[in-house]
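Protein sequence lines, in the order shown, are assigned to chains A and B.
Following full-length UniProt numbering, the numbering of the first sequence begins with 1 at its first residue and continues without gaps.
Following full-length UniProt numbering, the numbering of the second sequence begins with 1 at its first residue and continues without gaps.
I should point out that these hints are in silico values taken from the structure, not numbers from a laboratory.
Check each hint, because a few of them may be wrong.
Remember, identical chains collapse to one label, so a pair may be satisfied in a single copy or spanning two.
[What the hints assert, rightly or not] When the alpha-carbon atoms are kept at most 30 Å apart in a straight line, the in silico DSSO-like pairs for lysine-lysine are as follows: (1) Lys10 x Lys108; (2) Lys319 x Lys25; (3) Lys319 x Lys168; (4) Lys25 x Lys42; (5) Lys319 x Lys140; (6) Lys95 x Lys319; (7) Lys66 x Lys10; (8) Lys168 x Lys8; (9) Lys10 x Lys313; (10) Lys25 x Lys10; (11) Lys108 x Lys289; (12) Lys42 x Lys95; (13) Lys140 x Lys327; (14) Lys140 x Lys168; (15) Lys327 x Lys213; (16) Lys66 x Lys313; (17) Lys34 x Lys327; (18) Lys295 x Lys34; (19) Lys33 x Lys313; (20) Lys313 x Lys327; (21) Lys213 x Lys42; (22) Lys10 x Lys289; (23) Lys319 x Lys295.
2 protein chains.
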Amino acid sequence: MMKDDGLKGKRILLSHGDGGALTRKLIEEIFYKKFYNDILIKDQDAALLPACDRPIAMTTDSFIVKPIFFPGGDIGKLAVCGTVNDLAVSGAEAKFITTAFIIEEGFKMEDLAQIVDSMWQTARECGLTIVSGDTKVVEKGSIDGIFINTTGIGVLPAGVNLGFQQIKPGDKIIISGNIGEHGVAVMASREGFSINLSSDCAPLNRITQSILKNSQGVKFMRDPTRGGVASTLKEIAISSHNVDFCINEENLPISQEVNTVCQLLGYDPLYLANEGKILAFVAPEECEKIISLMKELPYGENTCCIGEVQEGKGDVLLKTIIGGTRKLNLLSGISLPRIC
Amino acid sequence: MMKDDGLKGKRILLSHGDGGALTRKLIEEIFYKKFYNDILIKDQDAALLPACDRPIAMTTDSFIVKPIFFPGGDIGKLAVCGTVNDLAVSGAEAKFITTAFIIEEGFKMEDLAQIVDSMWQTARECGLTIVSGDTKVVEKGSIDGIFINTTGIGVLPAGVNLGFQQIKPGDKIIISGNIGEHGVAVMASREGFSINLSSDCAPLNRITQSILKNSQGVKFMRDPTRGGVASTLKEIAISSHNVDFCINEENLPISQEVNTVCQLLGYDPLYLANEGKILAFVAPEECEKIISLMKELPYGENTCCIGEVQEGKGDVLLKTIIGGTRKLNLLSGISLPRIC
Numbered sequence: 001m002m003k004d005d006g007l008k009g010k011r012i013l014l015s016h017g018d019g020g021a022l023t024r025k026l027i028e029e030i031f032y033k034k035f036y037n038d039i040l041i042k043d044q045d046a047a048l049l050p051a052c053d054r055p056i057a058m059t060t061d062s063f064i065v066k067p068i069f070f071p072g073g074d075i076g077k078l079a080v081c082g083t084v085n086d087l088a089v090s091g092a093e094a095k096f097i098t099t100a101f102i103i104e105e106g107f108k109m110e111d112l113a114q115i116v117d118s119m120w121q122t123a124r125e126c127g128l129t130i131v132s133g134d135t136k137v138v139e140k141g142s143i144d145g146i147f148i149n150t151t152g153i154g155v156l157p158a159g160v161n162l163g164f165q166q167i168k169p170g171d172k173i174i175i176s177g178n179i180g181e182h183g184v185a186v187m188a189s190r191e192g193f194s195i196n197l198s199s200d201c202a203p204l205n206r207i208t209q210s211i212l213k214n215s216q217g218v219k220f221m222r223d224p225t226r227g228g229v230a231s232t233l234k235e236i237a238i239s240s241h242n243v244d245f246c247i248n249e250e251n252l253p254i255s256q257e258v259n260t261v262c263q264l265l266g267y268d269p270l271y272l273a274n275e276g277k278i279l280a281f282v283a284p285e286e287c288e289k290i291i292s293l294m295k296e297l298p299y300g301e302n303t304c305c306i307g308e309v310q311e312g313k314g315d316v317l318l319k320t321i322i323g324g325t326r327k328l329n330l331l332s333g334i335s336l337p338r339i340c
Numbered sequence: 001m002m003k004d005d006g007l008k009g010k011r012i013l014l015s016h017g018d019g020g021a022l023t024r025k026l027i028e029e030i031f032y033k034k035f036y037n038d039i040l041i042k043d044q045d046a047a048l049l050p051a052c053d054r055p056i057a058m059t060t061d062s063f064i065v066k067p068i069f070f071p072g073g074d075i076g077k078l079a080v081c082g083t084v085n086d087l088a089v090s091g092a093e094a095k096f097i098t099t100a101f102i103i104e105e106g107f108k109m110e111d112l113a114q115i116v117d118s119m120w121q122t123a124r125e126c127g128l129t130i131v132s133g134d135t136k137v138v139e140k141g142s143i144d145g146i147f148i149n150t151t152g153i154g155v156l157p158a159g160v161n162l163g164f165q166q167i168k169p170g171d172k173i174i175i176s177g178n179i180g181e182h183g184v185a186v187m188a189s190r191e192g193f194s195i196n197l198s199s200d201c202a203p204l205n206r207i208t209q210s211i212l213k214n215s216q217g218v219k220f221m222r223d224p225t226r227g228g229v230a231s232t233l234k235e236i237a238i239s240s241h242n243v244d245f246c247i248n249e250e251n252l253p254i255s256q257e258v259n260t261v262c263q264l265l266g267y268d269p270l271y272l273a274n275e276g277k278i279l280a281f282v283a284p285e286e287c288e289k290i291i292s293l294m295k296e297l298p299y300g301e302n303t304c305c306i307g308e309v310q311e312g313k314g315d316v317l318l319k320t321i322i323g324g325t326r327k328l329n330l331l332s333g334i335s336l337p338r339i340c
């Protein structure tokens, strides 16, 4: 992809991380080349951002996904989406992001350039400015390839006040599309399976901003990443007061490919990671309107209602297709490492 | 140190990073136990911070130091100091910090608890609130121990306007104490040398706030970490306009221990990392006052003037003790990896 840049065959050296001449060259030729903006290139120890008369949201995540390139994305796209989505589901408008790279000596320069390009494209799609960065290089064998941290800040618009405590019996539970696709795509890619499925990795800020702007009915949102929809719902149920969440298995949007892989390998799609989905708790009278708003936007086409809130004691109850009820708990013991 | 907490013999498992029940347990028993505060425990995807009517400074750094415990500190103290100091030298008051951990499967739980304790103590010393975090676990062998990212935001006080462009011929160059001590302490610890020297790792925000509050003469500051005093000066010289920096070798504060190790091993203390030092460019008429202010405070006792700014073309000129002049350039090729 980057063959024209003369990067082919070049590799990261320890000296690229020593704070000297090669560090400067790497910053200018790889990072600034894509991330260039007026704040970043001031090249201060800290980026200087404008004052903000609204509450600020701040979130951090490190990304360790293996393999670093997978169907539907790469570690760079994932790192920007992950932080944008954490800001988005908190109700904030994502504004600024920092990027910190830890790279293994010998890493291919053209792979780094491709990852940086993904980050830049995703940030641009989200209207996000990359304001500061850091690059460290460790000896060959001290890390498996590349890890990326992104930390983002956003602004909470007036009138937005999401929280566990807003969730009440009768509220509807919405998911913005098919579940388990990131988990299956990464796992299949890692194991060399050939399936026709991409990660759902995507930025969700346009969806969250649309529904917050056009409806007063959004109570709480979260993106069901590690641990999947089940663990995320259970965490919310624990933190909320006197409610159970009742989920209808027949309403869960799951693609045929995810179902097939899960049946073959014994995974439950409710516990597989998503990187482009929102779980939203909404007032029942606004549910249809919010679903329509979400369906209109990219990454929201398969939005549907999967259940509702009822009085209870913090349980997540799955009404199965065959008519039974099963309690969903936090993911425990079935580990799928390095999924994000 | 943490033996009473029942952590002895316990180790990090892959499941501590899966977003499920063990992740929650780790967060509650290790991280929240120390970092507890009203913002953090709201446990949202993004922390909610107050509005800010002044410009905001933001900086990020990942820390990969080896060994993780060294004389004078550990990776946790280093991670908090590093980010506080980047904010401090930009003139900002450090306010909020995020922490993101990448941990190797099998890492000792009591070591993690000790690192978390160091971070908490350092954050408390700096008046800093830890507002959000992330924990990832990778398979044994995929990372060497533990890496930590910290990202901080601070507030720029009214009247503070530091920048390369403020540096003028005649300005004095101040260093807040002995140079090269972090580099030598970490290297000696790594190699098993027995020397009586600690890293200078320390938070510098009290010093920067004192001199900015009490003098109008501060033009620019930077902390000379990776690449040392020489690389940092050269970077500033390149970014500034039509100036050279003239440094007097005989004025450079260097301890006997650092001198001895450097002579034995062929290192130049000007290129060794510092983690508790400030380089400040100040107006000549304010120089003595600023030095006095710095000497009064912890970590500033050995502050002195090491040189001055003159008209030029971006060179850093070292007047040697024997009467010659040597140009200092960016660190190049002599790599001391994983120093911070």
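- Task: Could you figure out if Lys319 and Lys295 sit no more than 30 Å apart (CA to CA) within one copy, between two copies, both or neither?
- Result: within (25 Å within a copy, 69 Å between copies)
- Message: Reference check for the pair Lys327 and Lys213, CA-CA at most 30 Å: within, between, both, or neither?
- Response: neither (35 Å within a copy, 59 Å between copies)
- How would you label the pair Lys25, Lys10 (within, between, both, or neither) given a Cα cut-off of 30 Å? within (13 Å within a copy, 43 Å between copies)
- If the cutoff is 30 Å on CA atoms, where do Lys42 and Lys95 land: within, between, both or neither? Let me know, please. Both: 18 Å inside a chain and 22 Å across chains, each within 30 Å.
- 30 Å Cα cut-off: does Lys319 pair with Lys168 within a copy, between copies, both or neither? within (20 Å within a copy, 73 Å between copies)
- Task: Could you place Lys34 and Lys327 in one of the four classes (within, between, both, neither) given a Cα distance threshold of 30 Å?
- Result: neither (48 Å within a copy, 33 Å between copies)
- Between copies, within a copy, both or neither: which fits Lys66 and Lys10 at Cα up to 30 Å? both (22 Å within a copy, 26 Å between copies)
- Task: Evaluate Lys66 and Lys313 at a C-alpha cut-off of 30 Å and name the case that applies: within, between, both or neither.
- Result: neither (38 Å within a copy, 47 Å between copies)
- Query: 30 Å Cα cut-off: does Lys10 pair with Lys313 within a copy, between copies, both or neither?
  - Reply: neither (58 Å within a copy, 32 Å between copies)
- Measure nothing new, just compare the shortest in-copy and cross-copy C-alpha distances for Lys140 and Lys327 to 30 Å and report within, between, both or neither. Classified as neither: same-chain Cα gap 46 Å, cross-chain 33 Å, threshold 30 Å.
- For Lys319 vs Lys25, is the C-alpha pair at or below 30 Å within one copy, between two copies, both, or neither? For Lys319 and Lys25, the Cα distance is within 30 Å only across copies (28 Å; inside one copy 58 Å).
- Query: Between copies, within a copy, both or neither: which fits Lys313 and Lys327 at Cα up to 30 Å?
  - Reply: within (12 Å within a copy, 71 Å between copies)
The structure shown violates the earlier hints numbered 5, 6, 8, 9, 11, 13, 14, 15, 16, 17, 18, 22.
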